[in-house]
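Student: Here is what each chain is made of, one letter per residue.
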Amino acid sequence: MSVSQTAFHTALLDASEAVPEGLSDGVGHPAGSRFSVYRNNVAVSLTEALELSFPAIVKLLGEENFKGLAGIFLRQNPPETPIMMQYGAAFPDFLAGFEPLAHIGYLPDVARLEQAVRVSYHAADATPVDPEVLQELSPEELATARLELAPSLQVIRSPWPIHQIWAYNLEEGSPKPTGGAQSVLILRPEFDPELTPISSGIAAFIIALLRGETLPEANEAAIESEEDFDLSHGLGLLLSAQAITRIKTGEDQ
Amino acid sequence: MLDNSPRFAALPAAPGVGYKPQHFSDILKDAAPVEWLEIHAENYMGDGGRPIAQLRHLSELFAISVHGVGLSIGGECDLDTDHLARLKHICSWLQPASFSEHLAWSTHDSHFLNDLLPLPYTKATLNRVTDHIDQVQEVVGRQMLLENPSSYLAFDESTYAETDFLDEVAKRTGCGLLLDVNNVFVSATNLKIDPYAYIDAFPLARVGEIHLGGHDEETDDHGAPLLIDSHGREVADPVWTLLDYTLEHSGPRPILIEWDANIPEWSELADEARRAATALQKVPA
Chain A
1 MSVSQTAFHT ALLDASEAVP EGLSDGVGHP AGSRFSVYRN NVAVSLTEAL ELSFPAIVKL
61 LGEENFKGLA GIFLRQNPPE TPIMMQYGAA FPDFLAGFEP LAHIGYLPDV ARLEQAVRVS
121 YHAADATPVD PEVLQELSPE ELATARLELA PSLQVIRSPW PIHQIWAYNL EEGSPKPTGG
181 AQSVLILRPE FDPELTPISS GIAAFIIALL RGETLPEANE AAIESEEDFD LSHGLGLLLS
241 AQAITRIKTG EDQ
Chain B
1 MLDNSPRFAA LPAAPGVGYK PQHFSDILKD AAPVEWLEIH AENYMGDGGR PIAQLRHLSE
61 LFAISVHGVG LSIGGECDLD TDHLARLKHI CSWLQPASFS EHLAWSTHDS HFLNDLLPLP
121 YTKATLNRVT DHIDQVQEVV GRQMLLENPS SYLAFDESTY AETDFLDEVA KRTGCGLLLD
181 VNNVFVSATN LKIDPYAYID AFPLARVGEI HLGGHDEETD DHGAPLLIDS HGREVADPVW
241 TLLDYTLEHS GPRPILIEWD ANIPEWSELA DEARRAATAL QKVPA
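Same order as they appear, the protein sequences are chains A and B.
Number 169 in this note's numbering belongs to position 169 of the first sequence; there are no gaps in the numbering.
Number 217 in this note's numbering belongs to position 217 of the second sequence; there are no gaps in the numbering.
In case anyone wonders, no lab produced these hints; they're calculated from the structure.
Any given hint might turn out to be false.
As the list claims (entries may be wrong) - With a cut-off of at most 27 Å between alpha-carbon atoms, the simulated DSSO-like pairs for lysine-lysine come out as follows:
#1 B:K192 with B:K123
#2 B:K192 with A:K59
#3 B:K88 with B:K192
#4 B:K20 with A:K67
#5 B:K123 with B:K171
#6 A:K59 with A:K176
What the hints assert, rightly or not - Simulated coverage check for chain A against chain B, where a stretch passes if three residues somewhere in it have a Cβ under 8 Å from a Cβ of chain B:
#7 5 to 12
#8 43 to 52
#9 73 to 84
#10 109 to 123
#11 138 to 151
Note that CB positions come from ideal geometry on N, CA and C, so glycine has one too.
Could you put together the complete structure from these sequences and hints?
Tutor: If you want it as structure tokens, here you go:
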């Protein structure tokens, strides 16, 4: 009889399914446990892809627990493309909805941070603008300016001290997390993403810029989040981090 | 004028290794006896950063083989045209010396399973694989090599021997073949056929590249040996012997050492490549 790839696929992801008939060891015995080699390859290779991308979550849960969790995730969310560097983008949301781990409230946000680091690592290279370009803008131009930011730039906001938790688990000698909300800026100066805790005002400022808002609009969004936000401080941070790749004023928008 | 011609038009009949980023500086210091590198295409499909920068740099110094592991040429479904476009893109900017994929499937119902899954060898699958390879070669705009799989089971419905199937696919599509000698040894042991007879039946004239890798030994439900193509250790002695036999009949070919799990120090990988160089030296050109 013929074995469809639908039957093969179903039995691969569900070990309680019988091994499809029509498969043998080459000399007439049913394939039996030989089918498990493929089951195992699929589960192990996808679990390894997740471990590689979420090392802090592995550390927080322990390897065995992580493997068990990955086994559940990969069956609910098999990859949709062959690009493993993208696999697991849905993992943070999966964690957020996973009842048995609901007591570790910060877990999904730490996973979001790791996902952002991975995206940053593979993001397109970009050339920053000359800081002087900004200083040469007239007040009229500044009032309508929008900034394009480096593709490697990511911002994650959390009610948890996610940067402290991340560092404590992955960077030797980092102090124990002390609590409190944290926003984190992720940027890749050359090849390695750097993580910097930032104030809620700066986070709101950058997120508004990413939405395509003008400088004054982004400034307002920042002040709403942090009363004494200072625009020159926010801009200075982006400039010194070489995060601005283009300034669009009046006519070229 | 922009020179877009490939720096390395073909892989040399010399040892190559599967490139691992942890070996980058070792390779730049002294790659001998390794003369070319193979990459898994899917690991270089990001937009930028270190992987792409390293690959650009290495491609200035070494012939590169682009080896796809995700196209699902043996799949019942249509090929993923987005993925095909990505392969075309990497082959355009990198201008590799070789491009290869597998006789296997990995995507079904839009799920990618990240393993090289087996297919039966029948008239229907022959037509499908042929159509898919025609499509790949047309889109990517170059000849591809098709690799023989490692098998853990056989399909009752198969009507072709694997060697006949590959020969027919190559004849119909004009593709070349990538002969993985470890896969031959693994499949032959697992399915109880003679690996030397397999090599005898293989269309060696079409082989553009040879693969070697390590395997693990287990047993099946009946206590029979079940070899696992793990790429996690050195190449087994009987596989080296089978390589010698293959080279006697094929003549010199580019030989790749694949070591993808438990990745060793560069020196250990170079030792494996040296063993391949020795095997090549024994073969009259």
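Student: Flag every earlier hint the structure violates by its number, smallest first.
Tutor: Result: hints 2, 3 and 11 break, sorted rising.
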